[in-house]
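Student: Use the sequences and the hints to build the structure in full.
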Amino acid sequence: MPPRDAHAEHATGSRALRRGGWERARARLAATAAGHESPETLEELGLAAWWLDDAPTVFDSRERAYALYRERGDARGAARVALWLVWDSLAFRGDSAVASGWLERARRLLADHRESPEYGWLLIREGEVALFRGHRPESAVTFANEAAALGRRVGDTSVEFTALALEGLARVSTGDLAGGMRRLDEASIAATSGEMKELHAVGVVCCWQIFACERVRDYDRAAQWCERVQEFTRRWQFRPLSAVCRTQYAGVLIWRGEWARAEEELRVSARELELVRPGIAGHALVRLGELRLRQGMLDDAERLFTQAGTSTASRVGLAAVLLERGNAAEAAATLERAALDVGDEEATLRAGALELLARAHAMLGDSQAAQRHLDELERLAARLNTPALMGSAAFARGIVASARGAWTDAARAFESAIERFERSGAPFEVARARTELARTYAALGRAESAEREARLSAGAMQKLRAAPESPKRGEALTPRQREILRFICQGMSNAEIATRLRLSDHTVKRHVANLLLRLDLPSRAAAAAYAVREQLV
1 MPPRDAHAEH ATGSRALRRG GWERARARLA ATAAGHESPE TLEELGLAAW WLDDAPTVFD
61 SRERAYALYR ERGDARGAAR VALWLVWDSL AFRGDSAVAS GWLERARRLL ADHRESPEYG
121 WLLIREGEVA LFRGHRPESA VTFANEAAAL GRRVGDTSVE FTALALEGLA RVSTGDLAGG
181 MRRLDEASIA ATSGEMKELH AVGVVCCWQI FACERVRDYD RAAQWCERVQ EFTRRWQFRP
241 LSAVCRTQYA GVLIWRGEWA RAEEELRVSA RELELVRPGI AGHALVRLGE LRLRQGMLDD
301 AERLFTQAGT STASRVGLAA VLLERGNAAE AAATLERAAL DVGDEEATLR AGALELLARA
361 HAMLGDSQAA QRHLDELERL AARLNTPALM GSAAFARGIV ASARGAWTDA ARAFESAIER
421 FERSGAPFEV ARARTELART YAALGRAESA EREARLSAGA MQKLRAAPES PKRGEALTPR
481 QREILRFICQ GMSNAEIATR LRLSDHTVKR HVANLLLRLD LPSRAAAAAY AVREQLV
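Numbering follows this note's numbering, in which position 245 of the sequence shown is assigned residue number 245; successive positions increment by one, without gaps.
Any given hint might turn out to be false.
[Stated by the list, open to error] Pairwise CB distance ranges, derived in the manner of DEER restraints:
(1) 340 with 67: 37 to 45 Å
(2) 189 with 153: 19 to 27 Å
(3) 24 with 104: 32 to 40 Å
(4) 344 with 100: 24 to 32 Å
(5) 228 with 483: 50 to 58 Å
(6) 463 with 368: 37 to 45 Å
(7) 100 with 422: 42 to 50 Å
(8) 224 with 94: 30 to 38 Å
(9) 507 with 419: 38 to 46 Å
[Unchecked claim] 16 Å max Cα-Cα, derived EDC-like pairs, lysine to aspartate or glutamate:
(10) 509 with 496
(11) 509 with 330
(12) 463 with 258
(13) 509 with 483
(14) 509 with 324
Hints were generated in silico from the structure; no laboratory data involved. Here a beta-carbon is modelled for each residue, glycine too, at the ideal position from N, C-alpha and C.
Tutor: See the structure below:
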């Protein structure tokens, strides 16, 4: 029997935990556990430490709590802690094998306790695995529906609304934007208005809401939720959610062209996550890689995407680097593998890969494959109907049309892309589309229009600091460099240029690198814009 003061110490720690006093809760609960170790005290100590990113205490407390619940014969208590350890193993250590083991323990422990909140959390974990690791959103919807119904039956709002949010994200992933967002909005309002008891579940719901907005490239909606979540994290000192939310908010800033602010957010969040939650630090690294890619810092982008691991986003990022370097064949192979792993169910996750696949196959001269991927992207864009995704589809359509020499069709597509990107507030994408439109106008013999678009593109790029000041006309190029620059403006890959000039791929790659160095430009796209603006082609 624990002494009276141990009961009082535990009660004080529990109250602090409920009120968000994480430091006080950890101190009081640790003192209680030192004098009288119970699974309840250790479970609460683990939660207080989780809020403080104190990984050693999290694992020590929860593993001891699990063992004590098992000794007591409390299957639900043991399963509850095991389900936490699934998440901990992934986030703090990136250990998927250990996480899988804890999930299996929870399954067995709850086999005879299907009408309990713990079983609801098990179903939610199963749905997360199906969606995020198995790329099976339809299965995630099934798990989420069952969990939400269970949450309502047992009166647990945290289970109910977390499951509703999971269903919403899974539906958005399949392309059901309206149905998915309705569920996410309802769950997010319940989370931020105080209906949910579990604060960690509030964070999960909010993250999924923003994640869904990003998947369909609805950055205005994402920004609104980011601001609301940031206020919530400040109020509750929610450090884990704060770091993840900063990463998500940085994605919005990148899209809006606020690159200095995005870099600041990403450096802080990446540092925080790498120190305490390395298992999920890859998200920040991918975002930083996307920023470097836009800035034309291809070596840095490649390093960051590689460091981020083997997620779909990091592989798509690496493929984008390859494409920017003119290696369309390797980019296409990388993207085909990524698209195959994702499968057909998770439509919104495929969008980025589809745009790059259409461009890569167009560069390779495979018009049939390019059109196939473009058709899928356009069907998805029509279903979701967000300006950003419609703009991406139009941009890809322009690339495919210009590759086959259909310059009038290409011009219309790039004009449409510019209009849609402007509506979605994406200055980099607008500038990139203007570069392609300038090249297209030049091919159509519309010199003044080409010069205007090139000038607008260059001005936007300089404002974004994606490229340095343009070189002066006096810095002459060699005849070979001018020839290669002309082929770059026509959208040819290194391999196509090599075939045309009867050179090796390696030689062409060296010529392109020297050309960019001579012009002091970061990318092939920037070189094309410069060529049109300076009337070199």
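Student: Do residue 344 and residue 100 keep their Cβ atoms within the hinted range of 24 to 32 Å?
Tutor: 25 Å, holds
Student: Looking only at beta-carbon atoms, does the pair residue 228, residue 483 fall within the given range of 50 to 58 Å?
Tutor: With a Cβ separation near 55 Å, residue 228 and residue 483 satisfy 50 to 58 Å, so the hint holds.
Student: Given the hint of 19 to 27 Å, is the C-beta distance from residue 189 to residue 153 inside that range or not?
Tutor: 22 Å, holds
Student: At the C-beta level, are residue 224 and residue 94 separated by a distance inside 30 to 38 Å?
Tutor: 32 Å, holds
Student: In this structure, is the beta-carbon distance linking residue 340 and residue 67 contained in 37 to 45 Å?
Tutor: 42 Å, holds
Student: Would you check the hint for residue 463 and residue 258, treating anything up to 16 Å between C-alpha atoms as holding?
Tutor: 10 Å, holds
Student: Just tell me: holds or violated, for the beta carbon distance of residue 100 and residue 422 against 42 to 50 Å?
Tutor: 46 Å, holds
Student: Please test the hint of 38 to 46 Å on the beta carbon pair from residue 507 and residue 419.
Tutor: 40 Å, holds
Student: CB of residue 24 to CB of residue 104, is that within 32 to 40 Å?
Tutor: 36 Å, holds
Student: So does residue 463 sit 37 to 45 Å from residue 368, Cβ to Cβ?
Tutor: 39 Å, holds
Student: Are the Cα atoms of residue 509 and residue 483 separated by 16 Å or less?
Tutor: 14 Å, holds
Student: Between residue 509 and residue 330, does the CA-CA distance stay at or below 16 Å?
Tutor: Given that 16 Å is the threshold and the Cα spacing comes to 14 Å, the pair holds.
The structure fails none of the hints (numbered hints given earlier).
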